[in-house]
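Please put together the full structure from these sequences, using the hints given.
Next come the chains, spelled out residue by residue.
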Amino acid sequence: MSEAAADSLLAEQFDTIEQQRSAAMLGMWIFLATEVLFFGGLFLSYTVYRYLYPSVFAAASRHTEVILGGANTAILLFSSTLMALGVRAAQLGRRKHLVWLLLGTALFGIIFMGVKGFEYYKDYTEHVFPGPTFQWHEGNPAAAELFFWLYYAMTGLHAIHVTVGISLMLILALLAWRGRFENGNYMPVEVAGLYWHFVDIVWVFLFPLLYLAGHR
Amino acid sequence: MEKVHSPKLYWTNCLWLMLLLALTWGLGYVNFGLFNLPIALAISFTKTILIALFFMHIKGSSRLLHLAAVTGLLWLFLMLLLTLGDYYSRGWVSMPKY
Chain A
164 MSEAAADSLL AEQFDTIEQQ RSAAMLGMWI FLATEVLFFG GLFLSYTVYR YLYPSVFAAA
224 SRHTEVILGG ANTAILLFSS TLMALGVRAA QLGRRKHLVW LLLGTALFGI IFMGVKGFEY
284 YKDYTEHVFP GPTFQWHEGN PAAAELFFWL YYAMTGLHAI HVTVGISLML ILALLAWRGR
344 FENGNYMPVE VAGLYWHFVD IVWVFLFPLL YLAGHR
Chain B
23 MEKVHSPKLY WTNCLWLMLL LALTWGLGYV NFGLFNLPIA LAISFTKTIL IALFFMHIKG
83 SSRLLHLAAV TGLLWLFLML LLTLGDYYSR GWVSMPKY
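These protein sequences, in sequence, are chains A and B. All residue numbers for the first sequence refer to this note's numbering, where the first residue is 164 and numbers rise by one. All residue numbers for the second sequence refer to this note's numbering, where the first residue is 23 and numbers rise by one.
Please keep in mind that the hints were generated in silico from the structure rather than gathered at the bench.
Pairwise CB distance ranges (calculated): (1) B:TYR110 <-> A:ILE230: 33 to 41 Å; (2) B:LEU63 <-> A:ILE230: 19 to 27 Å; (3) A:GLY294 <-> B:MET40: 34 to 42 Å; (4) B:LEU41 <-> A:THR326: 26 to 34 Å.
Note that CB positions come from ideal geometry on N, CA and C, so glycine has one too.
Here you go:
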């Protein structure tokens with residue numbers, strides 16, 4: 164990066180581009196720490212109720228679609244790989260690569276949401292969506308409904324995060340196409356990448372807890 | 023500027039993550055009784071470490087970022103430990119039996 168290009172990217176409160184970069188990264192990691200606690204409250208509720216009603220939670224968990232959930236895990240892990248390659252393309256200033264990799268990341272996020280939507284639809288038709296239409300015939304229905312409340316709260320909050328991530332990727336792809344991340348200005352891509360990987364990590368825990376609680 | 027890694031690193035990491043996914047998935051069909059959950063969580067933590075180290079570039083980043091990353095987990099464990107300790111000591115939840 165030339166001296167002039169570096170100066171044009173530097174906000175006035177920073178002394179060097181390296182300092183500016185580490186401030187942005189630190190800010191994102193602190194945000195992610197708050198996100199860990201945001202999801203953490205749900206994980207805590209899940210843990211308490213799973214210990215209270217272990218057999219009902221295991222039975223309710225067997226009702227989820229493990230093949231779709233597992234496939235969705237693979238989809239997110241693959242999209243994270245594309246994201247990591249996208250950050251690399253941004254570091255190297257490869258504009259076309261970056262645009263395609265960001266679009267690929269978004270595409271796999273959209274496929275994830277499609278699969279999730281299909282699962283939600285299936286739950287709805289099978290009356291396991293919590294609320295007035297909820298029906299359960301294998302033991303304690305109140306505890307099973309609790310499992311599905313948690314299932315919807317956890318996967319729903321996660322789905323909101325995926326939606327935000329997809330929007331971020333599409334906006335970044337547009338900006339990248341316009342050449343915004345050339346001349347070493349790859350920080351926005353890297354910070355958005357951290358967010359996407361975090362959303363992936365949340366799913367890595369949701370998959371075994373919700374789909375594999377109690378062996379199949 | 024941060025070090026640029028070869029694409030091979032990311033694809034190798036992807037392969038390991040997929041293998042670990044297959045392992046969690048497969049072990050989900052085996053009855054280990056009480057140990058299904060700890061095994062599944064151990065695999066999830068391993069995946070998290072791989073994602074954080076290589077995709078999120080924790081490997082090779084500053085001590086400050088290491089600290090920030092660990093902080094989130096530390097507070098999560100404090101929350102889980104203290105709340106569950108409270109529930110357990112009051113007898114509101116008991117050790118799981120299958």
